[in-house]
Amino acid sequence: MRPTIFISYNSGVQQEETLAVRLQTIGAVNGFHTLLPDRFNHKSVVDRETINRIQESDYFLIFATSHHLSKIVEQEIEIAFQHFKDPSKIIVLYDPKGSDITSSPNSNKLTHITFNPHNETVDLVIKKIIAVINVEEKSKEKKEQQNGLLALLGIGLGLWALGSIINED
Amino acid sequence: MSRPVAIVDTSFLVYCTLLKEVDLLNKIRILFDHILLPKEIIKEFTPKENRPENNARHQILGRIEINQGFYRHCTSLDHIIYKELINEKTIDAGEAEVISQSQHRGIRFILMDEKRALKNLSEKFSHIHFYNTITILAVLELQGFLPNYRDCIIGLHSIRKFSSKDLRDAFLKGMNYTQRNLSKKELSEKTSLKKILNTSKT
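Protein chains in written order, with this note's numbering: chain C, 1499 to 1667; chain H, 75 to 276.
A portion of the hints provided could be inaccurate.
[As the list claims (entries may be wrong)] Computed cross-link-like contacts, SDA-like style, restricted to lysine to any residue with a CA-CA straight-line distance of at most 20 Å:
#	chain 1	residue 1	chain 2	residue 2
1	C	K1640	C	T1609
2	H	K113	H	A130
3	H	K113	H	S76
4	C	K1541	H	Q253
5	H	K163	C	I1663
6	H	K247	C	N1550
7	H	K268	H	R242
8	H	K247	H	P78
9	H	K247	C	E1547
10	H	K94	H	F236
11	H	K193	C	G1529
12	C	K1541	H	S76
13	H	K157	C	L1657
14	H	K157	C	L1660
15	H	K193	C	F1530
16	H	K113	H	K193
No lab work stands behind these hints: they were computed from the structure.
Quick caveat, the model's predicted, so the values are computed rather than measured.
Hey, can you work out the whole structure from these sequences and the hints?
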């Protein structure tokens, strides 16, 4: 069974928005249920529709290429934690050169993993992720969900690395 | 609230030109800041022959401008997203362009009437609001901009079949968009197709 994955991003950070919508599209056309936040009506508080989407999800993901987690992302993480009650289901990937996720008020409610696209490879980061999320799940369904998550994480990291190379050029 | 931008699909444009009871393509100026037309949609909508019945289409095509005006030609899209979509068997070239432009530009409203595409795409892209002609009529009615609401519903029904449930779903979407709630009785009156169509016969 493929997991339902909520993909968040910091509004106004072009690289993050682009990565999120690309990953959402790739997931959607390949049979994953991938969801994005609805921020049309509310720019600073989480919309009811977004809450529903987080509560419908199996995992919460954000590729935080910017220097922070915005207030609305922090609120979304709080909602996700209340729903999952499991930090391993809330995965924040961030560039150690910019972001300081450890100072987030929600840092104990999420799993934060660094990725420096300039000197780290995607497979190394996937190994880091496997080390922190529980891959010893016994049920077939959970195992399949984790495999789906890891596949999408790999694509997301690849898109991030690709975006970084393009930005450098 | 500032008015949003929408991207339009060929199917929506076609029904708008066929609906005679209201100039929907003019009325939607109330709802949207401007409308974007992707290249493939312009190609699909352009008549192959110059016949009198195609005049309405030519009028719309003549109003399209680049970077200004209400109808704008949209050319920027995300190529990674476009390539991913165009390889998907269930999505045609026009739909792929509409979605990739929406994703690339952060536009969350798509005007589309083709039923199969609506079902397929709204399942895959739940963060995008897909509005068809029925929903647009519902939104206009909820905002008090449609004095001949019943005639419009009858007219639309004669060219595009839909059920009371479709009409009800359109009103529920419209209520969400306008943040205006109708009572159960009001909702029932506005969405009972049987009542609306019977009124026209009496």
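Hints violated by the structure (numbers, ascending): Result: hints 3, 5 and 16 break, sorted rising.
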